[in-house]
Amino acid sequence: MEDVEIKRVLEALLFVSGEPLSVDRVKNVLEEIDRGKIRNMFWELQHEYEMRLSGLRIGEVAGGFQMITRPELAVWIKKLKKAKQSARLSKPSLETLAIVAYKQPIVKSEVEEIRGVDSSGVLKGLLDKHFIKIIGRKDVPGKPILYSTTKEFLQYFGLRDIADLPTLKELSDLILEEDKGDKYETGEEETIPQTLPLEPSDP
Amino acid sequence: MSYQIKLEVFEGPLDLLLHLIKKNEVNIYDIPISIVTKQYLDYLDLMREFNLEIAGEFLLMAATLTYIKSKMLLPKEEKAGVDDMEEDDPRAELIRKLLEYKRFKEVAEDLGKREEIWRDVFYQGHDTLPETDEEKEETMVEVGIFELIDAFRDVLDRLPDNKSLEIIPEELTVRGKMTSIIERLDSEGTNGLTLWALLDNDSTKRSIVVTFLALLELAKMRLIRLLQVEDRETIRVFRSESGEEQVMDEL
Chain B
5 MEDVEIKRVL EALLFVSGEP LSVDRVKNVL EEIDRGKIRN MFWELQHEYE
55 MRLSGLRIGE VAGGFQMITR PELAVWIKKL KKAKQSARLS KPSLETLAIV
105 AYKQPIVKSE VEEIRGVDSS GVLKGLLDKH FIKIIGRKDV PGKPILYSTT
155 KEFLQYFGLR DIADLPTLKE LSDLILEEDK GDKYETGEEE TIPQTLPLEP
205 SDP
Chain U
615 MSYQIKLEVF EGPLDLLLHL IKKNEVNIYD IPISIVTKQY LDYLDLMREF
665 NLEIAGEFLL MAATLTYIKS KMLLPKEEKA GVDDMEEDDP RAELIRKLLE
715 YKRFKEVAED LGKREEIWRD VFYQGHDTLP ETDEEKEETM VEVGIFELID
765 AFRDVLDRLP DNKSLEIIPE ELTVRGKMTS IIERLDSEGT NGLTLWALLD
815 NDSTKRSIVV TFLALLELAK MRLIRLLQVE DRETIRVFRS ESGEEQVMDE
865 L
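Protein sequence lines, in the order shown, are assigned to chains B and U.
To convert, note that position 154 of the first sequence is 158 in the working numbering; the numbers rise steadily by one, no gaps.
To convert, note that position 248 of the second sequence is 862 in the working numbering; the numbers rise steadily by one, no gaps.
By construction, these hints were calculated from the structure, which means they are not laboratory data.
Treat the hints with caution; some may be incorrect.
Stated by the list, open to error - Partial list, derived from the structure: chain B residues whose beta carbon lies under 10 Å from chain U:
1) Ser-26
2) Asp-28
3) Asn-32
4) Leu-57
5) Leu-93
6) Pro-96
7) Glu-117
8) Pro-145
9) Tyr-160
10) Gly-162
What the hints assert, rightly or not - Which stretches of chain B does chain U cover? Using the computed rule of at least three CB atoms under 8 Å from a CB of chain U, they are:
11) 17 to 25
12) 42 to 56
13) 63 to 76
14) 148 to 157
Bear in mind the structure is a predicted one, so any value in this text is a computation, not a measurement.
Positions of the beta carbon are idealized from the N, C-alpha and C atoms, including for glycine.
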């Protein structure tokens, strides 16, 4: 298949899909094309959209490629839809999400240990909004519920995958590495579960 | 002369402590425990003055701070025989907690910035913007018992302190109240009535409590529904379609 043709197919699939389209799913459609090629074609398509100053772009979100609108055009879209947006997440919600995102899977008490406050309400709210999900129970007395983040979480924040979050080590540039003993040295970099191999960042 | 007092509300004790540390521009690794404890306790006093409820965690932290402070004041114990290179800093655990919380606060801020950009991004098939007409249609959720209690507590708190003894004829039986609520809903409540609207004739604590009980009963009998717009406060009462109509007749 010619490159041009492949890109046309990808474009059509992206439009129809709506939700992020993973390379794997595309592979099921374009069987003879290998994954590396598919990925390259996506990137070329991405570049083409940029070049022609399209109102759309091909983003990399939540484990796949997605046809999305450019943020600066939001005002027009909202006008078309005649609506205002839903409320933003509260600070406690964001904090709790941050903790779950980095420490997943995690139980409620561990979240509360870090925040220093009761977090049942916040966790329930995040569950309701599908930003976190229950993935089981911890094998300790009480069998507390384990939480992790969802694909919706990635989508909402425009993240490719969990590894897309700034590594905690970067943040700890603010925190001096010299310490007062080993008591509270976090030491090793937090291992973040990777769902996809990292891809080069968007142009 | 009028004063304007603005009280910052903190999510929890760690939040407050970080604020105090920042405000005093002190080193988080070497917290001047006396000063910080005093300011912390002052803040709790202020909360009491404003009649704000102090969550247990705040009090626990107050105790912890005081404990640390007292330990810092004690002369260092001589550990016989052991060459103590590392002094046990009583603040160590607290500092660790503060640092960890601070980290996540910063991540949360980053997420907040991302959120701001990405809520302006749309894609096919997912309607983050609900189609609306003139009236904004928002999803309503069933109100839980705690939200209802909160709402009523709010109302009770706003009651003026009525020292005078007034005798006002009013519906003081739960049944009577139930009937009057239904009547009002039927006549003027097509779009639901807010709690405030239902309570506008009630000026005594007793009548408010009676209304509360009446609503609970009606909800139990499924004659009404209590709904709340997501993320908002106002609770609205709606007449329910189904229900035990025959039970109402008996009232």
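Hints, one by one, checked against the model:
1. With a least beta-carbon distance of about 15 Å to chain U, the hint placing B:Ser-26 at the interface is violated under the 10 Å criterion.
2. With its C-beta approaching chain U no nearer than about 19 Å, B:Asp-28 sits outside the 10 Å limit, and its interface hint is violated.
3. At its closest, the beta carbon of B:Asn-32 sits 20 Å from a beta carbon of chain U; the interface hint therefore is violated under the 10 Å criterion.
4. A cut of 10 Å between beta carbons decides the hint on B:Leu-57: the least distance to chain U is about 17 Å, and the hint is violated.
5. At about 6 Å, the closest approach between the beta carbon of B:Leu-93 and any beta carbon in chain U falls short of 10 Å, and the interface hint on this residue holds.
6. Given hint, B:Pro-96 at the interface with chain U, holds; its Cβ is 6 Å from that chain's nearest Cβ, closer than 10 Å.
7. With 10 Å as the threshold, the beta carbon of B:Glu-117 comes within range of chain U, its nearest partner Cβ sitting at about 8 Å, so the hint holds.
8. This hint is violated: B:Pro-145 has a C-beta 23 Å from the nearest C-beta of chain U, more than the 10 Å allowed.
9. The restraint placing B:Tyr-160 at the interface with chain U holds, with a minimum CB-CB distance near 6 Å, inside the 10 Å limit.
10. The restraint placing B:Gly-162 at the interface with chain U holds, with a minimum CB-CB distance near 4 Å, inside the 10 Å limit.
11. Only when three residues or more bring their CB closer than 8 Å to a CB of chain U does the claim for the segment 17 to 25 of chain B stand; here the count is 5, and the claim holds.
12. Counting residues of the segment 42 to 56 of chain B whose beta carbon lies closer than 8 Å to any beta carbon of chain U gives 0, which falls below the threshold of three, so the coverage claim is violated.
13. Taking a C-beta to C-beta cut-off of 8 Å, the segment 63 to 76 of chain B contributes 8 residues in contact with chain U, enough for the three needed, and the coverage statement holds.
14. Coverage of the segment 148 to 157 of chain B by chain U is violated. Counting CB-CB distances below 8 Å, 0 residues qualify, and the rule asks for three or more.
In the structure shown, a violation is registered for the earlier hints numbered 1, 2, 3, 4, 8, 12, 14, in ascending order.
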